[in-house]
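Asks: The chain contents come next:
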Amino acid sequence: MKDDIILRVIAKLTMPFMVLFAVYVQFHGDFGPGGGFQAGVIAAAAIVFYAIIFGLAAGQRLVPEWLVEKMLAAGVLLYAGVGVAGLLLGGNYLDYFVLAHDPVHGQHRGIFWVEAGVGLTVAGVMLKVFYMFAGRGRIDEEEGA
Amino acid sequence: MSQIAAHYSYWITIFLMVAGMYILIARGNLMKKLVGLATLQTSVYLLYIAPGKLIGGTAPIVAEGFATYSNPLPHVLILTAIVVGVATLALGLAIVVRIREAYGSIEEDEILALDRDAADPAD
Amino acid sequence: MAVVVVAMASQRNLFGVVVLFGIYSFLMATVLVALDAVDVAMTEAAVGAGVSTVLLLGALYLTGGQEVKPLHRPYFPLVLSLAVGGALAYGTWDLPAFSDPLAPIHTHVAPRYLNEGPKETGVPNVVTAVLASYRGYDTLGETVVVFTAGAGVIALLRRRKQKHGKK
Numbered sequence: 001m002k003d004d005i006i007l008r009v010i011a012k013l014t015m016p017f018m019v020l021f022a023v024y025v026q027f028h029g030d031f032g033p034g035g036g037f038q039a040g041v042i043a044a045a046a047i048v049f050y051a052i053i054f055g056l057a058a059g060q061r062l063v064p065e066w067l068v069e070k071m072l073a074a075g076v077l078l079y080a081g082v083g084v085a086g087l088l089l090g091g092n093y094l095d096y097f098v099l100a101h102d103p104v105h106g107q108h109r110g111i112f113w114v115e116a117g118v119g120l121t122v123a124g125v126m127l128k129v130f131y132m133f134a135g136r137g138r139i140d141e142e143e144g145a
Numbered sequence: 001m002s003q004i005a006a007h008y009s010y011w012i013t014i015f016l017m018v019a020g021m022y023i024l025i026a027r028g029n030l031m032k033k034l035v036g037l038a039t040l041q042t043s044v045y046l047l048y049i050a051p052g053k054l055i056g057g058t059a060p061i062v063a064e065g066f067a068t069y070s071n072p073l074p075h076v077l078i079l080t081a082i083v084v085g086v087a088t089l090a091l092g093l094a095i096v097v098r099i100r101e102a103y104g105s106i107e108e109d110e111i112l113a114l115d116r117d118a119a120d121p122a123d
Numbered sequence: 001m002a003v004v005v006v007a008m009a010s011q012r013n014l015f016g017v018v019v020l021f022g023i024y025s026f027l028m029a030t031v032l033v034a035l036d037a038v039d040v041a042m043t044e045a046a047v048g049a050g051v052s053t054v055l056l057l058g059a060l061y062l063t064g065g066q067e068v069k070p071l072h073r074p075y076f077p078l079v080l081s082l083a084v085g086g087a088l089a090y091g092t093w094d095l096p097a098f099s100d101p102l103a104p105i106h107t108h109v110a111p112r113y114l115n116e117g118p119k120e121t122g123v124p125n126v127v128t129a130v131l132a133s134y135r136g137y138d139t140l141g142e143t144v145v146v147f148t149a150g151a152g153v154i155a156l157l158r159r160r161k162q163k164h165g166k167k
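Residue numbers (my numbering), protein chains in the order written: chain A, 1 to 145; chain B, 1 to 123; chain C, 1 to 167.
Hints were generated in silico from the structure; no laboratory data involved.
Hints are not guaranteed to be accurate.
So the derived label-pair ranges between C-beta atoms look like this [unchecked claim]:
| # | chain 1 | residue 1 | chain 2 | residue 2 | range |
| --- | --- | --- | --- | --- | --- |
| 1 | C | 6 | B | 108 | 42 to 50 angstroms |
| 2 | B | 99 | C | 7 | 22 to 30 angstroms |
| 3 | A | 24 | B | 11 | 51 to 59 angstroms |
| 4 | A | 64 | B | 118 | 35 to 43 angstroms |
| 5 | A | 70 | B | 99 | 29 to 37 angstroms |
| 6 | A | 61 | C | 83 | 26 to 34 angstroms |
| 7 | B | 114 | C | 151 | 26 to 34 angstroms |
| 8 | C | 144 | B | 108 | 49 to 57 angstroms |
| 9 | A | 65 | B | 110 | 33 to 41 angstroms |
| 10 | A | 70 | C | 159 | 37 to 45 angstroms |
Note that the Cβ used here is the ideal one computed from N, Cα and C, for glycine as well.
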C-alpha cells in the first residue's frame, strides 16, 4: 500500500492530527467527553493506521516493540503508584485528598496521573496486540517459503 | 398501549442480545462465534444506558445553562465494560489463531472430530 | 441495527461478517450519542469500530478461512434463543418506563454525584470524576484486566527465534 500516492499523502497529513486529538482527549477529559481509555485507543489507532499504510516494519521503527511492552507495564505501575503515594502521604490507598495542599487540587492531580496511567496501558495493549497479529504470518505461507 | 411504547427500548435490546446469543451457539465457525459474543456484549451496553437517559436532559457534564443531566453511573460501568470486552475479544482471537495452527481448521465440528480421532487408540 | 445483526447471522463470508460488525458498532455509537452517553459513544466508536474491527481482520487473515460451512439443524438453538428472549421480555414488563424521572436509578445515588461531584473533585465531567475518583479502585482493576489481556496475547502468540514454526 505504500506505493499508492494518495494513501501515503493522506496518511502523512492526518497522522499528526490523530495523535494531537488523542493527546487532547486525554487531557481535556475533565471538561468534555474523553479521558484515558478513549485517548489510548485513538493513539493506538493512529499508529496502526501508519503501520497499515507504510508497512509493519516502518511502524515498528516508529514505535519499537520494547517501548510498547514498557508502556504496557508502566501504565499499571503508574496507577498503583498513585495509590501508594496516597498511602505514603498519610491517607488511604488511592486517596487523592492528601496529594496536594488543598483537597480539590489533590483530586485534580490524582485524576490527572491516574488517567495518564490508564491511557498508557490501553494504548500499549492495543498496539502490542496489533503487532502480534500483524507480525505472525500465515502458517502455510511460512512452510512454502 | 403506552406500556409497549414505554418498554420498546428494552425489547429491541433483548432482540439484539438474543440474536447475538443465537450466533454464538448456533454457528460452528469459531470466528463467527466470537463476533456473536461481541454483538451480545455490545447490546448489553445498550441495556444499561437506555434506562439512564432522561428526555430533555443532556450529557452528564456539568455546565452553565443546563438543569437536567442524564444519569452518569451507567456510563461509568459501560466504559469499563467496553474495554474489558475488547480485551476478551483480543484474547479470544489469539486462541483462535493458535487453534487454527494446531488443528488446521476453525470449524467446531472438524476440531471435535480431530480430537476424537486423536483420542481413539486406533494407531 | 436489528437488520444488521440478522444479516450477520445469515452471512457466510467471514469478511462480510466482520464488515457488518463494524457497521453495527458505528450504529451503536450513534444510538449512544442520541442517548446522551457521549463518553461511551466515543469509546464504542474508537474501540468497536476501530480496534475490534482491525483485530478481527488481522485474525481473519491469519486463520485464512473465508467461508463458513453449512450447518446441520439450527432448530434447538433457535428455540432456546426465543425462549430466553421471551423470559427476558417477560422480566422487563415491570421495569420502569423509558425516561421516567422517578425511576429508582435517578433518585438515590445519581443526584448526589451530579451535585457534589464538581464541588468535591473540581472536575465538570461527572463521568470522569466518578471513574477516576469515586470509583477509582474499579478502574485500577480494569486497567489490570487490560494489562492481563495484553500479557495473555503475548504469551499465546510469542514466537521463539527459531525458524521452524510453532513451538
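Asks: Confirm or reject each hint.
Replies: Hints, one by one, checked against the model:
1. C:6 <-> B:108: 42 to 50 angstroms: 22 angstroms, violated
2. B:99 <-> C:7: 22 to 30 angstroms: Cβ of residue 99 of chain B to Cβ of residue 7 of chain C: about 26 angstroms, so the range 22 to 30 angstroms holds.
3. A:24 <-> B:11: 51 to 59 angstroms: 39 angstroms, violated
4. A:64 <-> B:118: 35 to 43 angstroms: 41 angstroms, holds
5. A:70 <-> B:99: 29 to 37 angstroms: Holds - the Cβ-Cβ distance for residue 70 of chain A and residue 99 of chain B, about 30 angstroms, lies within 29 to 37 angstroms.
6. A:61 <-> C:83: 26 to 34 angstroms: 55 angstroms, violated
7. B:114 <-> C:151: 26 to 34 angstroms: About 29 angstroms separates the Cβ atoms of residue 114 of chain B and residue 151 of chain C, which means 26 to 34 angstroms holds.
8. C:144 <-> B:108: 49 to 57 angstroms: The hinted range 49 to 57 angstroms is violated for residue 144 of chain C and residue 108 of chain B, with Cβ atoms some 32 angstroms apart.
9. A:65 <-> B:110: 33 to 41 angstroms: 34 angstroms, holds
10. A:70 <-> C:159: 37 to 45 angstroms: Given range 37 to 45 angstroms: violated, Cβ gap about 20 angstroms.
The structure is inconsistent with the numbered hints 1, 3, 6, 8, 10, although it conforms to all the rest.
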